[in-house]
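Using the sequences provided together with the hints, build the complete structure.
First to last, the sequence lines map onto chains A and B.
Heads up, the first sequence is in full-length UniProt numbering, so the first residue is 1 and it goes up one at a time.
Heads up, the second sequence is in full-length UniProt numbering, so the first residue is 1 and it goes up one at a time.
Source of the hints: derived by calculation from the structure; they are not laboratory data.
Note that CB positions come from ideal geometry on N, CA and C, so glycine has one too.
Don't take each hint at face value.
As the list claims (entries may be wrong) - Computed list of lysine-lysine pairs in DSSO-like fashion (alpha-carbon distance at most 27 Å, straight line):
id	chain 1	residue 1	chain 2	residue 2
1	B	109	A	73
2	A	73	B	79
3	B	231	A	226
4	B	143	A	186
5	A	92	B	79
6	B	231	A	167
7	A	73	A	186
What the hints assert, rightly or not - Pairwise CB distance ranges, derived in the manner of DEER restraints:
id	chain 1	residue 1	chain 2	residue 2	range
8	A	64	B	100	52 to 60 Å
9	A	206	B	201	39 to 47 Å
10	B	93	A	115	56 to 64 Å
11	B	97	A	101	50 to 58 Å
12	B	70	A	65	28 to 36 Å
13	A	64	B	148	54 to 62 Å
14	B	185	A	265	32 to 40 Å
15	A	60	B	231	35 to 43 Å
16	A	65	B	79	26 to 34 Å
17	A	144	B	60	41 to 49 Å
18	A	174	B	162	18 to 26 Å
Stated by the list, open to error - Calculated Cβ distances over 10 Å to all of chain A for the following chain B residues:
id	residue
19	75
20	151
21	156
22	161
23	223
24	235
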Amino acid sequence: MGWSASCINPFPASSHLLVAINMSKHLKSSQIPLRKQKRAWLGNEKARCVLAYYGLQKPPYELDALEPYMSRKTLEMHWGKHHRGYLEGLNKQLAKSDVLYGYTMEELVKVTYNSGNPFPEFNNAAQVWNHDFFWESMQPGGGNEPILGLLQQIEMDFGSFTNFKEKFIEAALSLLGSGWVWLVLKRNEKRLEVVKTSNAISPLLWDDIPIISLDMWEHAYYLDYKNEKGKYVDVFMNHLVSWNMAMLRMARAQSFVNLAEPKIPVA
Amino acid sequence: HKGNIICITEKSTVTFTRKEDSKMALRTLATRKKLKEGLGLGFQSIRGLQTFSLPDLPYDYGALEPAISGEIMQLHHQKHHQTYITNYNKALEQLEASMAKGDAPTVVKLQSAITFNGGGHVNHSVFWKNLAPVREGGGEPPKGSLGFAIDTNFGSLEALIQKMNAEGAAVQGSGWVWLGVDKELKKLVIETTANQDPLVTKGSLVPLLGIDVWEHAYYLQYKNVRPDYLKNIWKVMNWKYASEVYEKECP
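Written out as structure tokens, the structure reads:
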């Protein structure tokens, strides 16, 4: 997640400014007011500085790469309007003060959540993070099953991959209102679980490690599937979910959670 | 519209001039019959379980164009509202069964399904009455006591609309924005509720007007631009209904 600051000066040659300043020193003696001289030199416009705090990340595939399961129109709207809207909203809020500067997006989400009493920036920051995570949780030619360690962990924690799939789908369909469904690695319990959250909430907030997510806000599927949530969830599980990304995330998670540690009961 | 419809029942022959009335009457007859049978057969409960069915819209699906498209109205009514009703009936049956058994944990667990689906039914039933085609008075500003109350409470109708639109646009996720009247204080209030929570959950309030800001209510037409939907829905707002309800609460 980049943090970039760029000052866009509408007058590209900054040498103009320097020259103006120099000129003014000369002209002071001729008693032409500095301000007037500046205005004559730079025109009637004030110099505007535009700062961008966070950049919008593109999904790791073309917008039509997920057809026919998720249409280009949906990607254009979902990424181009909703996700971008959250990001631009966040940048606008951050322009007001520098209290929240210098965080990565993940840190910003946790900080603005403020342990349950969220700041106004929380909704935007959390949704930006959630959508970045969501795009990366999908790929063209996705679906099927994971392999190697992730499959083993799923079979250990859910009994079988089919059982996990059923649980995930059930969570998605029983979610009331807008929200997300996650496959998450619980840090303390050291196991994988399916979790559903409302609105912008994510498992980051209780320090767990998300592995896969599914957006169940209506805007994620309405253009393609209208009210048929079941179809959307099936298509996601069978054709879109990126187990490659899940395995990467699982591998990274194991630097933080020691899954090989034997569960010795405490006396 | 399509001529008279004649219904012949056990007791009498009744003529309906509107298809909607005949449909609704038949449906009421059907549920009443079920109730009688239920009571007669097994005395399974002290009172029969009242189930719910989809109320008809008092106008065609396309009658609210261009403010709300016919496609949205049809999906909203036939799919979304119907699903809430189906799931509400299911939850009520499960509730009745678990209450009869004294199964407290199940009773408590069903509450969220009842609030969500029952709320969805209650809210949408009000919503259909809140809207009217332009040629039937949709969009006509309120007169009488409600108009006066709006001017007193908010300054002007425009101010009320602006405030409701701002609150509606600010709802995060899914929910509703309401113009309600406080039964005790007899004051007009603007409130928002999350998901399908009905207005009664916010106090002793009676809904006069509600605007559905779930994405399914506007997405196909307005995409992500919820403010445009909020601006346009006032063109088909049924102030007559709101005035009736207000005059009943504040005579």
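Comparing the hints with the structure gives:
no. : hint                         : in the structure
1   : B:109 with A:73              : 39 Å, violated
2   : A:73 with B:79               : 23 Å, holds
3   : B:231 with A:226             : 23 Å, holds
4   : B:143 with A:186             : 59 Å, violated
5   : A:92 with B:79               : 38 Å, violated
6   : B:231 with A:167             : 41 Å, violated
7   : A:73 with A:186              : 35 Å, violated
8   : A:64 with B:100: 52 to 60 Å  : 55 Å, holds
9   : A:206 with B:201: 39 to 47 Å : 27 Å, violated
10  : B:93 with A:115: 56 to 64 Å  : 41 Å, violated
11  : B:97 with A:101: 50 to 58 Å  : 57 Å, holds
12  : B:70 with A:65: 28 to 36 Å   : 33 Å, holds
13  : A:64 with B:148: 54 to 62 Å  : 56 Å, holds
14  : B:185 with A:265: 32 to 40 Å : 59 Å, violated
15  : A:60 with B:231: 35 to 43 Å  : 37 Å, holds
16  : A:65 with B:79: 26 to 34 Å   : 30 Å, holds
17  : A:144 with B:60: 41 to 49 Å  : 46 Å, holds
18  : A:174 with B:162: 18 to 26 Å : 37 Å, violated
19  : 75                           : 6 Å, violated
20  : 151                          : 32 Å, holds
21  : 156                          : 29 Å, holds
22  : 161                          : 23 Å, holds
23  : 223                          : 6 Å, violated
24  : 235                          : 23 Å, holds
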